[in-house]
Amino acid sequence: MNEYTLTPISKIKTGIPGFDNITHGGLPKDRTTLISGTAGSAKTVFAVQFLAAGIEKSDEAGVFVTFEESPADIRQNMASFGWDIRQWEERGQWAFVDASPQIAEEIVYAGSYDLGALLARIEYAVNKTQASRVAVDSLGAIFTQLTDYGSIRHELFRIASALKHMGVTAVLTAERINEYGEIARYGVEEFVADNVIILRNVLDDEKRRRTIEILKFRGTSHQKGEYPFTIMPDFGISIIPLSAIELKQSSSDIRITSGNEKLDDMCGGGFFRDSIILVSGATGTGKTLMVTEFIAGGAVKGERCLLFAFEESREQLFRNATGWGVDFRRMEEEGLLKLVCRYPEVAGPEDHLINMKAEIERFAPNRIAVDSLSALERVATVKGFREFVIGLTSFIKHQETAGLFTATTPSIMGGTSVTEAHISTVTDSIIMLHYVEMYGEMRRGLTVLKMRGSMHDKNIREFSIDGRGMHIGKAFNNVTGILVGNPTYISQSEIERVSNLFQDDPGV
Amino acid sequence: MGVEYILKLYVTGQTPRSQRAIENLYRTCEEALDGRYNIVIIDVLENPASAEEEKIMATPTLIKIAPLPLRRIIGDLSDTEKVLAGLDLPTNHARQMRRGGHLE
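If you're matching them up, the sequences are chains A and B in order.
First residue of the first sequence? That's 1 in my numbering, and the numbers climb one at a time after it.
First residue of the second sequence? That's 1 in my numbering, and the numbers climb one at a time after it.
There's no promise every hint is true.
[To be verified] Covered, in the sense of this in silico footprint (three residues per stretch, anywhere, with C-beta under 8 Å from a C-beta of chain A), are these stretches of chain B: (1) 25–38; (2) 53–64; (3) 70–76.
[To be verified] Using 25 Å as the maximum straight-line C-alpha spacing, the simulated DSS-like pairs for lysine-lysine come out as follows: (4) A/207 x A/383; (5) A/164 x B/55; (6) A/474 x A/458; (7) B/55 x A/128; (8) B/55 x B/8; (9) A/224 x A/11.
Derived by calculation from the structure, the hints in this document are not laboratory data.
Glycine is no exception: its CB is placed at the ideal position from the N, C-alpha and C atoms.
Construct all of the structure, not just a fragment, from the sequences and the given hints.
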C-alpha cells in the first residue's frame, strides 16, 4: 500500500430482503443515498425499514429525521410491519429528530437564517445513540416549511456533507412528480447525494406494479434496470431480485416417483428429485389428477408435500382426491400434506410470490405442487407474470425440492398457454395432456415432451381415469396430428413405410 | 415596571449571523420595550437537547414565550418592522401614523 492506493468503497448489508442482491452487497458505507419516488411509492417505508433492519439484523442504531409525518404517526403506521419503534427508542437504538411542521405556532421570517440547529440536533442524536444509519424523510418537505429556496439548497448540501463526516450511512428521500421524468421535484436533491435509487408505483393495465431501480452508485457496481418489489405486513419491502438470481443449484440424479408407475417408466425411471415439472393441458384433461398422484406418491414414501391451489377450495380438492382413491385428509393429519388455497385475485403476483416463499420456508416440503400456475395470469401483467414464474421456479430450485406446476391451455384441442411461453425453458420436464377426438369419441393422450438429462418415451400414449386414478395405456400408433389438435388416422402400410425411413434408437 | 416580555433566542455558535441576531434583538427591544424584557440566549451547539425539545430547525430562531401567544421569529432579525410585528409591538410605521406623520 502506498499513498496512491485508494480503498474501494465498502458496502453495508441493509437487511432489506432482495435489496442486498441487486446492490451487490448493500448501500455504500458512510455515503448518502437518495431514494426518490412519487407519492405513495413507499419512500417512508423504505427509510424506516433501512433503520429497522439495521436494529433487528445487525444491531446498528439509527436516527430518523422526519420533515413530514410526526413521530407519533410514524410509530403507529409502522407498527403493522411488526416494528416496535417505541421499544427501540426506550432501548436507545432509535432516535427521532422531529422536524415535522408545528402548526401550533405562527412563524414570522425576519432576515437570513440557516439550518444550523437542525444539523446540531442530528449530530446530537447520532452521538447519543451511537447510530451508524440515518434516514431523512423527506428532503422536499423542507422546501414547503421554509421560504428561502436559495439558502435551503445550500443548507441541503451542508447537511449531506455533515452526514458524511459523522461516519453514518444515510438514506434521504425525495418526492418526484412523474414516474418517468425528472429525478426529484426541486431539481437539486439528486446532487446532494452520492447515490440515487428510484421507487416506482406504475399503473399498468389497471394493475399497480412497484419497482425499484438503482440509477446511480458512485464508484461501485450494481444491477441495472427495474426490479419488482412488494410491501407486505410483517415483511415490509421485499424485492424480487430476478436477474441477480444465480444459477447455482446443485443437480442430483436421484429419481423420485411421479406417483404413477407407468409415467415413471415413460420418464426413464421417475422425475429427478430437484427438478421442475410442467403439466400442460386443456381444462379437464387430468392435470389436477396428476398433481394428486404426485402428492400421493410422495406421501407413501413419507415425503412432505405442499400444494398451492389457485382454482379449487380445500373441500373440492378433498372430494376430487377421494374420487381417485387418495385420502388427503389423513395425509394432512399425519403432517405429510399442507394445502394452501387462495384465490388469485386476493393479491398481486409479487405478494403471492412472497407468501408462497414464506409457506415453503415454514413447511420445508420435499415436494411442491402448484395447481394451476396459469390462474395467476389473470392478476398479473405479462411482465409481472413472467417475473413471478421466474422468481418462483428459481426459489424452488434453490430449495432442492421437486416442483410440479400445472398450466391450462386456452383451447380444448391443444395449443400453448402464456404460462408455457414463460416457463418452458426453466422447467426440466414437460408433460402434455391432450384430448384426442376419434370417431365421435373424446379420448385422452399423454406425452412426455421433454425430460432434461434423461431418455424418455417419445410416444403419445392413451390414458383413462377411474376411481383408482390414471391408467396409461398404449401409444396412439396409427394417429397423427394430435399435438396440433387435428388427429387423423393413418393406415398400417403408411406407418411401416415411415418407420423404415427413420430408425429410432432401439434403447429408448 | 416589571418584565413583560420573555424571549428565547437560539443561535449556532459564534457565527456572524448569530452575532447579528443578538445585536439586532437587543437594539430593537431597547428601543421598543425600555427594559421591560428578559432575553435568554441558547447556543444549539452547546445545548442541542434543548433545540430538540423546542424542535428548532433554523437558526437564529427567536421564541416569544410571554406575553402569549407563543410566536417564532426566524432569521437574523435584521427586518425590524417584522420583528416588532412578530412581538405584537407597534411598528415604527404605526407610531409615525399615530404622531400625525404622513407617508410619502
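With a C-beta cutoff of 8 Å, work out whether three or more residues of the segment 25–38 of chain B approach chain A closely enough for the coverage to hold.
violated (count 0)
Need the status of pair residue 55 of chain B, residue 128 of chain A: alpha-carbon distance at most 25 Å?
holds, 17 Å
Given pair status - residue 383 of chain A, residue 207 of chain A, alpha carbons within 25 Å
Roughly 12 Å between the alpha carbons, so the hint for residue 207 of chain A and residue 383 of chain A holds.
Verdict on chain A covering the segment 70–76 of chain B, criterion of 3 CB contacts below 8 Å:
holds (count 7)
With the threshold set at 25 Å, check whether the alpha-carbon distance from residue 164 of chain A to residue 55 of chain B stays at or below it.
holds, 23 Å
Satisfaction of hint between residue 458 of chain A and residue 474 of chain A, Cα-Cα up to 25 Å:
holds, 12 Å
With a cut-off of 25 Å on the C-alpha distance, tell me whether residue 224 of chain A and residue 11 of chain A pass.
holds, 17 Å
Straight-line Cα separation of residue 55 of chain B and residue 8 of chain B no greater than 25 Å?
holds, 13 Å
Take the segment 53–64 of chain B, compare each residue's beta carbon with every beta carbon of chain A, and decide whether three or more fall closer than 8 Å.
holds (count 7)
Hint 1 from the list above is the single one not met by this structure.
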